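Student: What follows is the residue order along each chain.
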Amino acid sequence: MIFSILIYGSAHNSQSVHTAYRFAKSLLAAGHTLHRVFFYGESVYTASALCAPPRDEQDIHQLWKSLAETHQLDLVVCIAAALKRGVIDQAEAQRHEKPAFNTHAPYELSGLGQLSEAAIISDRLVTFGA
Amino acid sequence: MQSKSILLILSHAPYGDTRAKEALDLALTAAAFGQDVSLLFTQDALYLLLKSQQPQAIEQKNLANICSALPMYDIDKIYIENNTSQTKHITAEQLILPGVFVNHNQIALMIRDHDVVLRF
Chain A
521 MIFSILIYGS AHNSQSVHTA YRFAKSLLAA GHTLHRVFFY GESVYTASAL CAPPRDEQDI
581 HQLWKSLAET HQLDLVVCIA AALKRGVIDQ AEAQRHEKPA FNTHAPYELS GLGQLSEAAI
641 ISDRLVTFGA
Chain B
5 MQSKSILLIL SHAPYGDTRA KEALDLALTA AAFGQDVSLL FTQDALYLLL KSQQPQAIEQ
65 KNLANICSAL PMYDIDKIYI ENNTSQTKHI TAEQLILPGV FVNHNQIALM IRDHDVVLRF
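These protein sequences, in sequence, are chains A and B. The letter at position 38 of the first sequence is residue 558 when you use the working numbering, and the numbering goes up by one with no holes. The letter at position 1 of the second sequence is residue 5 when you use the working numbering, and the numbering goes up by one with no holes.
The shape of chain B in the complex, shown without the other chains (with noise of 0.2 angstroms):
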């Protein structure tokens, strides 16, 4: 099947509504019918990455799991917003996935050279 390169942009908070769920489980599917994709977490989403997220309070799945299992499924490209990342004052070893920090022009640029970029 044909393949195409496929950016999701997460920028909502985990838990306060389904974003993120829908993204992940779309990420999921689209890369066992063999897309090429990419995630980048700005803004609140970035939240989603933590290891130290306690989402059982409030009975909610833990998504850091899912996040955590995305390699298996050959998504290896995770991108943070630098921005994001120091006025949260979230550091790489707070995440529970290895990603590759980018600015805003390498934004612009992984936005120009996807095929499909989705918002969430």
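With the rest of the complex left out, here is chain A (with noise of 0.2 angstroms):
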């Protein structure tokens, strides 16, 4: 079955980014697809390189990187979301003069369209909520 998997619950204060990873490795360990992972509202301070957990705390933005990069994920995060709470990639950094980046691949900046068609090619959109 193909999954994709829509977020908008906090990074950082939430459970619901944690969830969303955990029923991700599930879902691709009992052989589905998952098509796209899509942030949108809080959920897109996942993105942020720059976050900083405690050593003895689990590193939420690099979980989802690692697990992107062992299964060639599409990780997508609202453009709209994300630039306002600081959430930029290098190109996004240059276009509006902003001084540093701090978002790379495995995430993309994306806009909302990239949900409308995860929507449309899965078989199962799952929500991931505040």
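If you are wondering where the hints come from, they were derived from the structure by calculation, not from laboratory data. Computed from a predicted model, the values in this text were never measured in an experiment. Backbone N, C-alpha and C fix where the C-beta goes; we use that ideal spot for every residue, glycine too. Honestly, I wouldn't trust all of these hints.
[Stated by the list, open to error] Think about it this way: if two alpha-carbon atoms lie no more than 27 angstroms apart in a straight line, the pair counts; the simulated BS3-like pairs of lysine-lysine are:
| # | chain 1 | residue 1 | chain 2 | residue 2 |
| --- | --- | --- | --- | --- |
| 1 | A | K604 | A | K618 |
| 2 | B | K65 | A | K618 |
| 3 | B | K8 | B | K25 |
| 4 | A | K618 | A | K585 |
| 5 | A | K604 | B | K25 |
| 6 | B | K65 | A | K604 |
| 7 | B | K81 | B | K55 |
| 8 | A | K585 | A | K604 |
| 9 | B | K25 | A | K618 |
| 10 | B | K92 | B | K25 |
| 11 | B | K55 | B | K92 |
| 12 | B | K25 | B | K55 |
[What the hints assert, rightly or not] Listed next, with one range per pair, are the computed distances between beta-carbon atoms:
| # | chain 1 | residue 1 | chain 2 | residue 2 | range |
| --- | --- | --- | --- | --- | --- |
| 13 | A | H616 | B | D117 | 38 to 48 angstroms |
| 14 | B | M76 | A | R644 | 26 to 36 angstroms |
| 15 | B | A73 | A | Q614 | 31 to 41 angstroms |
| 16 | A | P574 | B | A112 | 42 to 52 angstroms |
| 17 | B | D48 | A | D576 | 37 to 47 angstroms |
| 18 | B | A61 | A | D643 | 39 to 49 angstroms |
| 19 | B | A112 | A | Q614 | 43 to 53 angstroms |
| 20 | B | I115 | A | M521 | 14 to 24 angstroms |
| 21 | A | G551 | B | G38 | 30 to 40 angstroms |
| 22 | A | R644 | B | K65 | 25 to 35 angstroms |
| 23 | A | N533 | B | N87 | 29 to 39 angstroms |
| 24 | B | D117 | A | D576 | 44 to 54 angstroms |
Hints in hand, dock the two standalone chains.
Tutor: Here it is as structure tokens:
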């Protein structure tokens, strides 16, 4: 079955990004396809490479990055939600004349069209709320 | 492109957080992608449809303006939870868009009958 995952919950103030991560691992282990993971709302902070959690806590940015690299996952971060929260890649930092950037591959900033396309392609679009 | 029916259920007040704006953005994008979009307003989300809202007082964009543009994007399936309108004493005349009032049984059927259901 083809799944996509939509996450709206806060990256650091709720469990939803972590729960979505475990769900993603489980469905891949069960032999399903994960077409896309779409980060919307507060979940876009997951894409910030500058988050430095304490060493004895999970680093959710790194967990998703490793899973994406292992399984060639498409991690799409809503560009509008990300830019207004200061989650920005090199190209957008240049475009908006910002002094730094904090996200890069496999996280990809893109539009809500990617979420619409995921809803169309996938047999199941599973959401993880706030 | 293949078309799916998408139901967006909004239940939060318009300006306390970004949910309402994000739901509307998604509705417009999905409609632009040729999807069959329905919007259901329940609980505090009904305030989003009030003509009389004045968010300029808190320097926010008026989301009712986006709502009033929904029909231009072929989003004309607007549903309002009956119970919400009664408990909040909000009538159809106060709303910026015409909507169909639905009860809990009808909402259950809507959730069953749509391909994708998203909550905001």
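Student: Are there hints from earlier that the structure breaks, and if so, what are their numbers?
Tutor: The structure breaks none of the hints.
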